[in-house]
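Chains as they are written, first to last, in the working numbering: chain A, 108 to 259; chain B, 108 to 259; chain C, 108 to 259; chain D, 108 to 259.
Calculated from the structure, these hints are not laboratory results.
Mixed in with the good hints there might be a few duds.
Because identical chains cannot be distinguished in the list, a pair is counted as satisfied if it fits within a single copy or across any two copies.
[Unchecked claim] No more than 25 angstroms apart at the CA atoms, straight line, and that leaves these computed lysine to any residue pairs for SDA-like:
| hint | residue 1 | residue 2 |
| --- | --- | --- |
| 1 | K112 | D255 |
| 2 | K112 | G162 |
| 3 | K112 | P203 |
Listed below, chain by chain, are the residues.
There are 4 protein chains.
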Amino acid sequence: MPSFKPRDPDYERRVRDSFARQRVMNTIGAALTRVEPDVVEITLPFRADLTQQHGYLHAGIVGTIADSAGGYAGFTLMPPGSTVLSVEYRVHMLAPARGETFVARGSVVRSGRTLTVCELAVEAVTGGERTTCSIGTQTLICLPDAEDRPAG
Amino acid sequence: MPSFKPRDPDYERRVRDSFARQRVMNTIGAALTRVEPDVVEITLPFRADLTQQHGYLHAGIVGTIADSAGGYAGFTLMPPGSTVLSVEYRVHMLAPARGETFVARGSVVRSGRTLTVCELAVEAVTGGERTTCSIGTQTLICLPDAEDRPAG
Amino acid sequence: MPSFKPRDPDYERRVRDSFARQRVMNTIGAALTRVEPDVVEITLPFRADLTQQHGYLHAGIVGTIADSAGGYAGFTLMPPGSTVLSVEYRVHMLAPARGETFVARGSVVRSGRTLTVCELAVEAVTGGERTTCSIGTQTLICLPDAEDRPAG
Amino acid sequence: MPSFKPRDPDYERRVRDSFARQRVMNTIGAALTRVEPDVVEITLPFRADLTQQHGYLHAGIVGTIADSAGGYAGFTLMPPGSTVLSVEYRVHMLAPARGETFVARGSVVRSGRTLTVCELAVEAVTGGERTTCSIGTQTLICLPDAEDRPAG
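Make the full structure from the sequences, and use the hints.
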């Protein structure tokens, strides 16, 4: 995969500020644990109140951290003064989302002026063992001259 | 689209029981508001603690209710004693997820012995106005002779 | 689904001209059989030299006519002097692609200045009977001030 | 990514026989150029009669070779006497499909008894230069005790 250069030297602060405004991340207990040009990771400790009917992490919550990881991976490369939106994402569930901690990683595979494409992966971590429980892909759009903050 | 016949006359109770075990639904405040053979709807009132950086419902939460609506739409048609898992889902965000209430609808388009394919749609409702903010598709697998309840 | 107004009164000629430049359509024997604002259909008679290992139409050829039908559905709504490109598409195979004729339909569900989202469906027709053998969704990008003709 | 063991020592012959029955591969001029447990590559020389309106390889033909590469990657791991079908696939177009030759690679990321998930990539090769013009993902189903040959 290619490597990319951020157009904004201050990309990390910009990503961290935006992540802090994603209130759902605080609600589910997710943290931003890696911010590099073109790769972002989000870590979510397992919580029983986020599960589906078998007691595993719900596929939608797996998708939630994957979508944000990809969105912020793309955002690391976007210019100052822009904002990022998900156009679409898709995830495959490869194995039951069973683990103590989940690490979602978004990696940029195409960074264009308007559109960015990311690969997504979520690993379930139990003790030292890591299993990829989900992979996905995502399309992002960069809105230049838009405020990355709550409307109103 | 075709219409389908449930193989389990008790499908509604089975769906409602399983939904009640999806603890994340209670956590985010989602309710099962329609259960018919091949169509299920889930309603989620807006909550500020489920938002992304602009104050709209996070695309992952949109995907969460869409994924469950599709999963249970498929489950209405599955035989007694089976369980359902998402193989993959994908959602497009058509408009900002801004509204007082969100209604996710899953509709079965193919119901096979092993695999089910659903269409997903999420509407944002404000006053009497409804806007489709997301569409998607999903693949489900039916596991026969599996317990649809927490492992362990 | 919403209905859309073409921004170019001459949209049909523009679509037909572009379709005629898609040389692969002639190669596989596909024809443009419906061009309306936001809906386009492409018809492909079955040919044994387009099949997969069981003698059905190859899923990739199903995707080829679906992708073009969606692309041109989106193109009916784009302004004069623009061109359209597929960002991504995905198709589900619901049933074996077995039939005398295949009709791919692309329908616009979101038409934005930059991005368009389409629903795709392919029907297999045998005698008077029609079966939906594939559904899909697609993201398109409109490139304004670009030549919709071969480069070089 | 994990590595997988073929359950059929004769997997390569089985894949090559099936590929030879995919008549569309011969029609477009595609060849099977790599067959290993869990990875298959298909090579397609550029042909002007397979192009879209700008003279690049049509996204549907890109998808066609990607879908077959993934299908046969999955098939390398399936048991004797089975057949493989695509449930769904999706491809992103990352760059114009412009090149002298295109190499589609399918790689298995999950190999289950019933379902297989593959990653897809298509590279455009010009002189010694390779550009990834497309990535995708795919779901396959294994039909045991089915004939992998034309019906009838």
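_K112 and D255: within-copy, between-copy, both or neither at 25 angstroms Cα_ = Answer is within; shortest intra-copy Cα gap is 21 angstroms, inter-copy 31 angstroms.
_At most 25 angstroms between alpha carbons: which applies to K112 and G162, within, between, both or neither?_
Neither: 41 angstroms inside a copy, 29 angstroms across copies.
*25 angstroms Cα cut-off: does K112 pair with P203 within a copy, between copies, both or neither?*
This pair counts as between: shortest inter-copy Cα distance 22 angstroms, intra-copy 36 angstroms.
Hint compliance for this structure: hint 2 is the single one not met.
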